[in-house]
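Chemist: The primary structure of each chain is shown beneath.
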Amino acid sequence: MQETRHQFREDLKELERQVLGGLDLVISQLDRAQESVSYQDVELAALVVADDDRIDGRYLEVHQGILSLLARQAPVAGDLRIVAALLHVIRCIERMGDQCVNIAKLVPLSGYEAPKDKEILDAIERMGQLARSQVAQAKEALRTRNIQMAQDLVHQDAEINRLNRAIFKRAVEIGDDMDMREWGMFMILVARCLERIGDNTVDIAEQVVFVVTGLFRELAGASTTAETAPSS
Amino acid sequence: MIPPETDATADHQRASDMSTAEGSPAEPAQEAPNLKEMGVREGAGHGVHVKGLRAFYGDNEAVKGIDIEFPANQVTAIIGPSGCGKSTMVRCINRMHEEIPGARAAGSVTIDDLDVYGPGVDVTSVRRMVGMVFQKPNPFPTMSIFDNVAAGLKLTGTRADNLREHVHRSLRAVGLWGEVKNRLNSPGHGLSGGQQQRLCIARTVAVEPEVILMDEPCSALDPIATLRVEELIDELKARYTIVIVTHNMQQAARVADSTVFMLDGEVVEHAPTDSVFTNPRDERTERYVTGKFG
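Note that the protein sequences, when read in sequence, are chains B and C. Read in our numbering, the first sequence has 145 at position 145, and its numbers run on one by one without any break. Read in our numbering, the second sequence has 137 at position 137, and its numbers run on one by one without any break.
Warning: the hint list may mix true and false statements.
[Stated by the list, open to error] Computed from the model, here is a short list of chain B residues facing chain C with C-beta under 7 Å: (1) Glu16; (2) Gly78; (3) Thr144; (4) Gly214.
[To be verified] Label-pair ranges, simulated between beta-carbon atoms: (5) Asn60/C to Arg217/B: 43 to 49 Å; (6) Gln64/B to Asn60/C: 47 to 53 Å; (7) Ser275/C to Ala166/B: 24 to 30 Å; (8) Arg9/B to Asn73/C: 34 to 40 Å.
[Stated by the list, open to error] Only part of the chain B face toward chain C is listed, based on derived beta-carbon distances under 8 Å: (9) Arg5; (10) Gln7; (11) Leu70; (12) Arg72; (13) Ala74; (14) Asp79; (15) Leu80; (16) Ala123.
Just so you know, these hints were derived from the structure itself, not from any lab. Backbone N, C-alpha and C define an ideal beta-carbon position, used for all residues, glycine too.
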């Protein structure tokens with residue numbers, strides 16, 4: 001028996017490369033969005049907003065590629081699962097890109113010389129680091145089809161959720177100063193964006209498990225964020 | 001159990017010598033069998049059970065002791081690479097395999113409680129119960145459209161007054177009535193390929209079989225004719241148990257309730273079609289349906 005459908009296989013690999021590259025774009029956007037919050041860098045935040053076009057373009061490129069592959073190659077079995085997963089993951093990438101934009105757009109709103117609370121800033125920074133780590137781990141789990149690595153994301157995501165709740169609690173208790181309270185509210189929104197990025201990495205993890213096992217199930221703990229964090 | 005040799009002749013070979021105008025009387029060639037007495041239960045839907053089936057061409061074992069359950073009123077697709085034994089297996093169900101010189105089969109094939117290879121079972125009756133549609137549309141070349149459908153009925157002794165009703169009903173059942181009702185006496189060969197294949201299916205269903213075997217029924221048809229036949233298959237399964245051999249995996253995915261993957265004379269996997277094409281259990285099935293080997 002000889003292997004067939006070489007062009008199809010190449011096309012599928014190329015689509016997967018584009019999706020994995022899309023996760024790299026998210027990491028880059030997340031780094032800059034995080035930095036713009038930490039240093040109140042309005043120019044950098046504007047760059048994050050402008051560069052979202054690259055992620056949106058990648059989404060359209062992959063989306064069109066998948067439609068074409070479905071129409072022309074009719075993938076089945078493991079190939080079909082990969083195609084379905086890529087379609088889901090590229091959507092997650094687009095959403096994570098949007099969350100980075102949401103964070104960046106909050107930077108000028110919180111003022112050029114905004115008052116800051118170290119406890120909240122530290123927590124935001126830690127959330128950003130965790131979200132970045134989770135995106136990178138989701139990418140590696142998808143690339144290597146590693147179920148254990150995918151499932152581990154749920155445990156990591158629990159820490160992001162905990163920090164999100166802590167920031168909310170701290171912002172409520174931040175004091176009577178109006179500017180400080182307003183800044184605290186903006187940080188709640190930033191934390192919420194980071195928490196959503198964490199959730200998106202868990203969604204990707206579920207797709208990795210689906211690709212490998214053929215069974216889709218929500219990973220334990222993935223749906224608990226809504227009841228433990230302020231809703232958007 | 002399957003005896004070593006039989007001397008039965010295919011229906012269509014006998015029928016090819018018959019040609020009468022629409023509605024003309026025909027002498028019954030034999031009495032219609034009493035299926036109930038033979039072990040086939042009354043009512044629509046009869047399951048087929050293949051157990052320990054082995055089929056040989058001389059010393060070459062093409063089917064190697066397979067077990068398959070074909071559920072009543074379901075479409076079961078058989079897929080697999082050329083030479084895997086799928087057509088041979090199907091031809092064992094209606095005892096056509098034994099028509100090939102040197103070919104023999106062992107094991108058992110049952111329709112409900114009827115052992116198809118049991119002692120005293122009439123081969124022609126088996127083939128009336130188990131109709132077959134072939135790869136290439138094969139209307140009888142010298143016969144009219146009407147006579148093509150009536151051919152099997154005449155063999156089973158259907159009376160002339162019922163013949164017209166049966167033929168018309170069969171042509172309606174395959175969606176051909178509207179296209180041919182004004183030219184029933186025209187040659188069957190004058191129809192398009194897709195119409196010819198539906199004519200052959202009408203000929204098959206005219207004798208009211210319990211099971212319909214289809215050996216790549218659409219491989220010679222254009223896409224539209226293929227879709228018409230596939231729609232027909234979906235309609236026919238309400239009354240018949242259907243087994244379809246196909247090389248077209250998208251066709252199997254479209255029409256079959258369950259799919260059997262065969263390789264080297266063995267059944268690798270038999271599962272609901274959804275499962276075979278989204279999450280096959282066996283690595284060999286995965287490799288075949290994804291085209292990683294062929």
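Chemist: Which earlier hints turn out false for this structure, listed by number in ascending order?
Modeler: 1, 3, 7, 10, 11, 12, 16
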